[in-house]
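Protein sequence lines, in the order shown, are assigned to chains A and B. Using this note's numbering, you'd call the opening residue of the first sequence number 1 and step up by one each time. Using this note's numbering, you'd call the opening residue of the second sequence number 1 and step up by one each time.
Now the stretches of chain A that chain B is said to cover, found in silico as 3 or more residues with beta-carbon under 8 Å: (1) 175-185; (2) 210-220; (3) 229-242.
Worth flagging that the hints you see were computed from the coordinates, not collected in a lab. Even glycine gets a Cβ: it sits at the ideal position worked out from N, Cα and C.
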Amino acid sequence: MSILVGNDTRLLVQGITGREGAFHAQQMQDYGTNIVAGMTPGKGGQTALTHAVPVFDTCQEAVTQSGANTSVIYVPAAGAPDAVFEALDAGIQTIFCITEHIPALDMLRVVAAVDQAGARLVGPNCPGATSVGRAKVGIIPGSIHKPGRVGVVSRSGTLTYEVVEALTEAGIGQSTCVGIGGDPINGSSFVDILTLFRDDPETEAVVLIGEIGGDAEERAAEWIAEHMTGVPMAAFIAGRTAPPGRRMGHAGAIISGNRGTAQSKVDALEGAGVRVAEAPSQIPELLRKAGVRAD
Amino acid sequence: MKLQEFHAKRLLLAQSLPIPAYDVAETADEARRAAESYLAGGAERVVIKAQVLVGGRGKAGGVKLASTPDEAEQVATQILGMDIKGTTVSRVLIAPAADIAREYYLACVLDRSSRRIMLMGSAEGGVEIEDVAANNPAAIKKIHAHPHLGLLDYQARQMAFALSLGGPHVRDFVAIALGTYRTMIDNDADLVEINPLAVVREVAADGSTRESLQCLDAKITIDDSALARHPELELMRDLAEEDPVDVAAREQGISFIRLDGTIGCMVNGAGLAMTTMDLIKRAGGQPANFLDIGGGAKSERVAAAMSLILADAHVRAILVNIFGGIARGDEVAHGLVEARGQQERHVPMVVRIVGTNAEEAARILAESGDPDIQTAATLDDAVARVVAIASAAPVSA
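Work the whole structure out from these sequences, hints included.
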């Protein structure tokens, strides 16, 4: 099983002829992801990935002709919202948007359209998701994983890699690793992904990686207390030393007044029975204490 | 990007919101002339307000009243050049002082939880809304606008009634609320705040008084991700009030925040950069900065990041923490060695590069033979070493 992506994924790459799109399409294919189509307006009729993948002008054509059921977007910020709308209109139900710096007001319209279509959006400004040994969609380096039963969900990119590598080195494998992105307005929340992990028979424990800003971690904690008791969990929150009022790189990482602090998130998670690490390297040990064995 | 009050008012005026006349002065003489004209026009007093982006200007003495042109000049002389939380005041706003009957709070904000624009209102205006939220959260009314329908008239009326506005004020309030929402949409703002929105008494020529709603102070912040499509707003950026290091970082596409410690940090990824700071502090060190070098991390950008870090004379040691994914370790290593050659100031450096092309990176750093560069395999080890170096090193400027 695993969540979001797997052996059933038939992937459409939007922006496959661009620099980022082409590079990561190759990486995803090398990992074993089933890429069935690419799409770049005006490049229809070309092929990508050494002639293995047809490129279409529109998502509609790509879906009709290739049977794509999942899309990943490597389109610059100015065109990325439109890329999501087009994928939705073509009937794609699972969309990953890697693009960063999309204006927040654009995202309000995007997430409303995604909800209306009953689809799922992960991102924007996210590294995507990898179901270990099956499929990777996005930009997470494939080499850091080990197959196993721990689900990882994170608001960050490289910090996720750091944690995943620590798990792998400790012999603890992963089922699916998901980055939900660092923007203030995003498609999937921690709760959305935790719900999928809870319902996945192959995921037995979960690691949550949060950061300052907003209240997504607090809401996740509330949900965990109600729906995930008994599931071994560990968490890490970045930004304990971040100065208030400053945006720490991610558009969403800002402490406003006394809201969004690391302490509030740590307290909420610990209150829900989640073990919170002070360093990424402590996470494997916390999982072991919660009953997780090495694979 | 935060806007100055007078820029915020200009954007609100463009939506026809009621804002009392104002002038902006850079000298006491200009302030005097503006005051003269308002006082001659019937104003009993004028208010003179420092134009700074930092909060708390009132408490710092940056907002004062004056009843005569002489007094206005005196007050402006005091405020201009004043230091407010590290910012030197270079402009003041002058306006007729309003005779305030009641004060309200009104704002449009980006609400992350509901993923909608939220209209917030309170009858407890004129104070920090955070204080109201902490002490009396029930006093704040919140209404969400639909992303496709926008803020609707009836929603604005709901807010007016929730604030106990009545009579002719309801219609005026609806226009103000809708205008606030349009200001947000048209300018890609993530906050448009009017505080106070006031019922102001005015005396007409015949001696009769009337009351009207007026926006007396305004705060707007623009979504940084949307500035590329608003060149007219980019022009409102106050470079004088920005740290030159911040300006240089932005031009290079580097996220940089100066802190007051001694350990410079160069990291790829915002979450990992924050974590690196947290771990330094946990190990007893003090980070000198937050620095996310961004995706890609080509060698020119590495060199630019190094200059930003070394521009801070307090830096005694540098930690480079790169998890290669999109960023390639060998490119970062090349960049570091090159930057080293260009810099006059040699500060010891602990480098930890893992992920894509990490072995190549290690070889490049070893071959450089630079005695100031140490490599570390894990983040914990890198942090321990850099903290030890920084606490032992003398300040070298």
